[in-house]
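A.B. asks: Chains as they are written, first to last, in the working numbering: chain S, 217 to 410; chain X, 15 to 149.
Think of the hints as simulated: they come from the structure by calculation, not from any bench. Glycine included, C-beta positions come from ideal geometry on N, C-alpha and C. Don't take every hint at face value.
As the list claims (entries may be wrong) - Stretch by stretch, here's where chain S covers chain X in the computed footprint (C-beta under 8 Å, at least three residues):
| hint | region |
| --- | --- |
| 1 | 20-26 |
| 2 | 31-38 |
| 3 | 74-85 |
Stated by the list, open to error - On the chain X side, residues computed to face chain S include the following (Cβ under 10 Å):
| hint | residue |
| --- | --- |
| 4 | 17 |
| 5 | 43 |
| 6 | 47 |
| 7 | 49 |
| 8 | 50 |
| 9 | 90 |
| 10 | 92 |
| 11 | 140 |
| 12 | 144 |
As the list claims (entries may be wrong) - Simulated restraints on C-beta separations:
| hint | chain 1 | residue 1 | chain 2 | residue 2 | range |
| --- | --- | --- | --- | --- | --- |
| 13 | S | 295 | X | 84 | 34 to 40 Å |
| 14 | X | 43 | S | 238 | 22 to 28 Å |
| 15 | X | 94 | S | 389 | 53 to 59 Å |
| 16 | S | 238 | X | 70 | 34 to 40 Å |
| 17 | S | 306 | X | 40 | 23 to 29 Å |
If you want the building blocks of each chain, they are given just below.
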Amino acid sequence: MTAIGAVPVEARSGGATPAEQELLGRVQRGDADAFNLLVRRHLPRARVVAMRLMGDPDDADDLVQEAFLRVLDRIGSFDPSRPFEPWFTRVLLNLGLDLKRKQAVRRPQLRDVDAEPGRERPDQDVERAELGRSLRNALNRLPARQRAIVTLFELDGLSTGEVATMLNVSQVTVRWHLHQARRTLREALKAWQP
Amino acid sequence: MRHLFSEPSRDAELGAALRSAEAVPSDDAEALHQRITAAAAAGLSALRRPDSRTEWWEWLSAWTKVAVPAAATLALGAALLIPSVQPGDTAAVAADADTTVMAALFSDPAERGALAAGIIAPADVDWLLTQVMQQ
Chain S
217 MTAIGAVPVE
227 ARSGGATPAE
237 QELLGRVQRG
247 DADAFNLLVR
257 RHLPRARVVA
267 MRLMGDPDDA
277 DDLVQEAFLR
287 VLDRIGSFDP
297 SRPFEPWFTR
307 VLLNLGLDLK
317 RKQAVRRPQL
327 RDVDAEPGRE
337 RPDQDVERAE
347 LGRSLRNALN
357 RLPARQRAIV
367 TLFELDGLST
377 GEVATMLNVS
387 QVTVRWHLHQ
397 ARRTLREALK
407 AWQP
Chain X
15 MRHLFSEPSR
25 DAELGAALRS
35 AEAVPSDDAE
45 ALHQRITAAA
55 AAGLSALRRP
65 DSRTEWWEWL
75 SAWTKVAVPA
85 AATLALGAAL
95 LIPSVQPGDT
105 AAVAADADTT
115 VMAALFSDPA
125 ERGALAAGII
135 APADVDWLLT
145 QVMQQ
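When you get a sec, could you build the whole thing from the sequences and use the hints?
C.D. replies: Here it is as structure tokens:
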């Protein structure tokens, strides 16, 4: 089963399909219909990745828009024979990480997501909701880079090499961040395990 | 440290928990799509412009990069060359003039008068008439 927003395998390995090459070529010539199609094709996954990174729907949508405009600005230098998705995700992630850095300077205190104080022992549904909330809080407290790495690895199924290429860091760095992120998230999970 | 040097395996339990806890984006995907395409209109228009059609300010801007350094080099060259010729010429004229004056000053009084008459016309008004009659 493929998770929502997971990177399609054909988009991750090898070159672009002829159809994608043709579409990208049209975008390079300023074809508005081709750009619309490109946005429509990549928007759902872009929003999921942005949402994971930013944690706020409005910030995520702003990031997605910024990423599409940045890509359009640089489309002339893009080789259409290469797959678009990894390049686009790299642009999106790097913009998102920059944005998170700026936000961290502006508001250093992270707020508790959906915080509801004074909960008693919940039933099973509520317990699951609490687990989700706890995990989301833990995820949001992670540094942005760790959050991106753990979600790309665990949810999108990318290898550490692919993540390293996307974020322009070494594979060892990715593995170290992955290890740290997993340890933090495991702690959050442990509190809810019987 | 071993986890740094080998590809880690997926953590299925953590993956499932993350998936179930994943926050979903807002519903207005279509609005965002419209927003993106509207914001991209100027960029797409710039891409549609053929390379051959160059606006006058682009042409000027391109040539300015060459013309300004070339003009500066020419001006600098002219500034260096022109003064190096003029002082030499002026010195030569001045030296000639000095030689004539010095010769007039240090010669005998009779010769000095003749020399002075050769250079400057004497104050006597009959001098011109005498010259004409001699001719």
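A.B. asks: Okay, which hints does this one fail, numbers in order?
C.D. replies: 3, 9, 10, 11 and 12
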